[in-house]
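What follows is each chain in one-letter form.
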Amino acid sequence: MRRSTFVRRSIALTVTSMLVAAGCGMGTQEPSGAPAASGAAAEVELSFLVFETPNLNAAFWDAAIARATAKVPGVKIKKLVTPNVDRTAYAKQLDAAGNLPDILQSVNPAGFAEAGKLAPFTPEELANFTAPAAGAIDGKVYQLPYNTQVIPVVYYNKDQFSKAGITATPTTYQELLDASAKLKKAGFTAMIVSGGGADTWADMYPLTGTVATDVYKKTPDWLVQRRTGAVKFSDPDFVKAAGKIADLAKNGYIDKAGLSRSYADGEQAFRDGKGAMYPMGSWFATSADNNKPSFEIGAFPWPSDDGSPVTPTFTGGGTLVSSSAKNVELAKKWALAFDEDKENNDAFVKADGSIPAIKGYVPPTDMGPVYQATVAIYDQGMKDGSIVNAFSQEAGDASLPPGLADAAATAVQDLITGKKTAEEFAAYLDEQYAKATQ
Amino acid sequence: MADTKHAVRGEPALATPPRTSRARRSARARLTPKLGRFALFALPGLLAYGLFVLLPILMTGYYSFTNRNPFNPPTEFVGFRNYVTLASDPEFLQALANTVIITLIVTVLANVGGLLIAMLLDRPSKLYLALRGVFFTPVVLSSVVISVIWRSVLTDDGLLNSALRGLGVANPPGWLSDPELALYSIAWIITWQMLGFCVVVYLAGLQGVPRELQEAAAIDGAGGLARFRNVTWPMLAPALTINTVMLLITGFKAYDQIQVITNGGPGTGATATMAFQVVKEAFVGNRIGYSSALAAVMLALVAGVSVVVLRVLQRREVTR
Chain A
47 MRRSTFVRRS
57 IALTVTSMLV
67 AAGCGMGTQE
77 PSGAPAASGA
87 AAEVELSFLV
97 FETPNLNAAF
107 WDAAIARATA
117 KVPGVKIKKL
127 VTPNVDRTAY
137 AKQLDAAGNL
147 PDILQSVNPA
157 GFAEAGKLAP
167 FTPEELANFT
177 APAAGAIDGK
187 VYQLPYNTQV
197 IPVVYYNKDQ
207 FSKAGITATP
217 TTYQELLDAS
227 AKLKKAGFTA
237 MIVSGGGADT
247 WADMYPLTGT
257 VATDVYKKTP
267 DWLVQRRTGA
277 VKFSDPDFVK
287 AAGKIADLAK
297 NGYIDKAGLS
307 RSYADGEQAF
317 RDGKGAMYPM
327 GSWFATSADN
337 NKPSFEIGAF
347 PWPSDDGSPV
357 TPTFTGGGTL
367 VSSSAKNVEL
377 AKKWALAFDE
387 DKENNDAFVK
397 ADGSIPAIKG
407 YVPPTDMGPV
417 YQATVAIYDQ
427 GMKDGSIVNA
437 FSQEAGDASL
447 PPGLADAAAT
457 AVQDLITGKK
467 TAEEFAAYLD
477 EQYAKATQ
Chain B
192 MADTKHAVRG
202 EPALATPPRT
212 SRARRSARAR
222 LTPKLGRFAL
232 FALPGLLAYG
242 LFVLLPILMT
252 GYYSFTNRNP
262 FNPPTEFVGF
272 RNYVTLASDP
282 EFLQALANTV
292 IITLIVTVLA
302 NVGGLLIAML
312 LDRPSKLYLA
322 LRGVFFTPVV
332 LSSVVISVIW
342 RSVLTDDGLL
352 NSALRGLGVA
362 NPPGWLSDPE
372 LALYSIAWII
382 TWQMLGFCVV
392 VYLAGLQGVP
402 RELQEAAAID
412 GAGGLARFRN
422 VTWPMLAPAL
432 TINTVMLLIT
442 GFKAYDQIQV
452 ITNGGPGTGA
462 TATMAFQVVK
472 EAFVGNRIGY
482 SSALAAVMLA
492 LVAGVSVVVL
502 RVLQRREVTR
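In order, the protein sequence lines correspond to chains A and B. Going by the numbering used here, the first sequence runs without a break in its numbering and finishes at 484. Going by the numbering used here, the second sequence runs without a break in its numbering and finishes at 511.
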């Protein structure tokens, strides 16, 4: 009798514990915008997803978080770090497990926003940004448009250019080919492209350049038209852009073996003088200034066929807030404090070569020559009116559907290794586009 | 003797007196409260198993019949559509082929290499004891750590190609950047990682071979090869079963190394395996329903192949 009572009590205790545990679990999913449990004085812990790179290391994030937190009382930030640079894929995994962080850094909002998982910022909240509508999805901005990046800039090794007898940077695509031929003849690898390991995305930048000059220059809203079906990847302009990458690889100007290098390894290979040109996002500029190699680095924009200026850029990339954050208003306030903070932006400029898109912001005066050269390319683009989107980096209505940028980056490797022709590459993207929008 | 045989088969031995119904009732009465206690002790384990193994499998099975996409609700029942699509999906078929190639290479190479190394190490000496530890080290290391180490060896600027260049090879192979080679590089890394496991299992098997049998075979005039074929190898049948099944499962679920070293490339699907494709479809393409169908097929395949191989190899253990 006593035994069966013991058993019954134990089962009751186990079941009660499970119900309590389940109750606790449900308690973490408070309704959107719920105020802190006991008024403004209570501290709310918000999770913040960040990613680390050689430029944006742990110390950088810790300091930036501390500065923003000091401006928003009542918030305690729990930093979450992605396992690799692909923060969007990781955010999806967390979301699938019901653990989308309260605040996210530089995650692509496509898919999340349409599914109602992100909180939009109001025009009033975006008043301090120079391009407040950048990356809007159905008229709403879910990601703070805090900075602009030029993608790609062609960074080059001045020593190797000089040794190869190249006296001026290429201004037309033919001149780029001529310079590549001279470099090859002089025994240098013309162009470093990486994309190994989990960093497949790092191989995209030459294609981003050719799509800008051959497709977006003529049709700036090309991806919007692709959404309606008015254009296709297999159209001649896009095939021509892809064909240029295939030819660069076929002629030995792009180092195929570099496809095994991670993003960090690719950067290091350029620093080590293993290639003369490094088409990369403008974030490389401060890395080049802060950690100077043994040679001087110059920068020029990806050249078009006729030499007319084309400046592919991306504006956005800032912080996002989950619509199911523990306290959405407080999370948005913290996100704004994080992205608008002068010191944080200075830190982003110094660590990641960012070109802040905040009204009245002036970068630190002691920035290095590669950053200055990069900003000059952007300023010239603004002056020329030659700014276009950067393919695969777009946000908002004119962006690729979820997963397609990854598919494109993977297929670029086929272009470089010769496994796919430009036509096959374009057909593959059309096929993947259809799959992604089913 | 006959009684023992019957007892082994689960039948009552002839000498055992038949139990009366009273005795049975008494035994049951003694056992009932114990069963409650056993159940109580088993409950946490059963709950954990149910929550973390059975429930996800059942949910995967359910999702595989839907078009679930967390970014594109609502979720609808689509019957067998995902399975039909799989059958003609070139990415899935390539991932399946890659998985089979990796599994075959890993199963054969790790078994053969493990057996050879085990035979070399099957000696009573401190040096060989230390070497056993060395060979087992990769087994206890994380796959991610191993992948990072091997990536630094096999990239273009890695140790291997630097050494080859030092030896005068102008254009060393692109171990990870050549789509024709990358899959074999991955298979080699998994083989390397599993080699120590096979060595330990074969060593245990070798040490269980009765010395008298070896000596008797030697007295009968059997040479080294004949002794291995007729004495050692048959006695290693259980070790072969364990190794083969473990290697098959390891090969079929290969994911970590691919994610860290090649991300499924270079290019479209050169090293993508089924497990990699499951994650890619779910968390890059957001196609949870389709990914679940892929996972269900993978589960069925791993379970099916493992059961068949286990049966075949275990039959060999009995008949020998």
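A couple of the hints might just be wrong.
Unchecked claim - Okay, the calculated beta carbon distance ranges per label pair: (1) GLN139(A) / THR266(B): 37 to 47 Å; (2) LEU237(B) / ALA473(A): 36 to 46 Å; (3) ASN297(A) / THR266(B): 21 to 31 Å.
Stated by the list, open to error - Anything over 12 Å on all C-beta distances counts as not near chain B; from chain A, calculated: (4) ALA109; (5) ALA156; (6) GLU160; (7) ALA232; (8) ASP301; (9) PRO339; (10) VAL408; (11) ASP412; (12) ASP452; (13) GLU469; (14) LYS481.
As the list claims (entries may be wrong) - Below 16 Å or equal to it, Euclidean Cα-Cα: the simulated EDC-like pairs (lysine to aspartate or glutamate) are: (15) LYS481(A) / GLU282(B); (16) LYS465(A) / GLU371(B); (17) LYS302(A) / ASP348(B); (18) LYS320(A) / GLU371(B).
Rather than coming from a laboratory, the hints here were simulated on the basis of the structure. The C-beta atom is built at its ideal place from N, Cα and C for all residues, glycine as well.
Status of each hint after checking the structure:
Restraint check, GLN139(A) to THR266(B): a C-beta distance of roughly 19 Å breaks the suggested window 37 to 47 Å. Between LEU237(B) and ALA473(A) the beta carbon distance is about 52 Å. The supplied range of 36 to 46 Å is therefore violated. Here the CB-CB span from ASN297(A) to THR266(B) is close to 49 Å, at odds with the stated 21 to 31 Å. Distance to chain B confirms ALA109(A) as a non-interface residue, since its nearest Cβ pair spans about 27 Å, more than 12 Å.
The claim that ALA156(A) is not at the interface with chain B is violated, since a C-beta of that chain comes within 12 Å of its own (minimum 8 Å). Against chain B, the non-interface label of GLU160(A) is violated: not every CB pair exceeds 12 Å, the least being about 6 Å. Consistency note on ALA232(A): stated as away from chain B, and its beta-carbon is indeed over 12 Å from all of that chain's, at 17 Å minimum. Interface exclusion of ASP301(A) from chain B breaks down, the closest Cβ pair being 8 Å apart, not more than 12 Å.
At roughly 15 Å from the closest C-beta of chain B, the C-beta of PRO339(A) stays outside 12 Å, upholding its exclusion from the interface. Here VAL408(A) stays apart from chain B, with its beta-carbon at least about 39 Å from theirs, past the 12 Å limit. Every CB of chain B is more than 12 Å from the CB of ASP412(A) (nearest about 33 Å), matching its label as outside the interface. With a cut of 12 Å on Cβ distances, ASP452(A) falls inside the contact zone with chain B, its closest approach being about 5 Å.
No Cβ of chain B approaches the Cβ of GLU469(A) within 12 Å, the least distance being about 15 Å, so the stated non-interface status holds. Look at LYS481(A): its CB is around 7 Å from the nearest CB on chain B, not clear of 12 Å, so calling it non-interface is violated. Only pairs whose Cα atoms come within 16 Å are accepted, and LYS481(A) paired with GLU282(B) is accepted, the gap being roughly 12 Å. Annotation: proposed proximity of LYS465(A) to GLU371(B) holds, straight-line Cα distance about 10 Å (limit 16 Å).
Using a Cα cut-off of 16 Å, the hinted pair LYS302(A) and ASP348(B) holds, with the two alpha carbons roughly 12 Å apart. A hinted pair counts as satisfied when its Cα atoms are at most 16 Å apart, and LYS320(A) with GLU371(B) does not qualify at roughly 24 Å.
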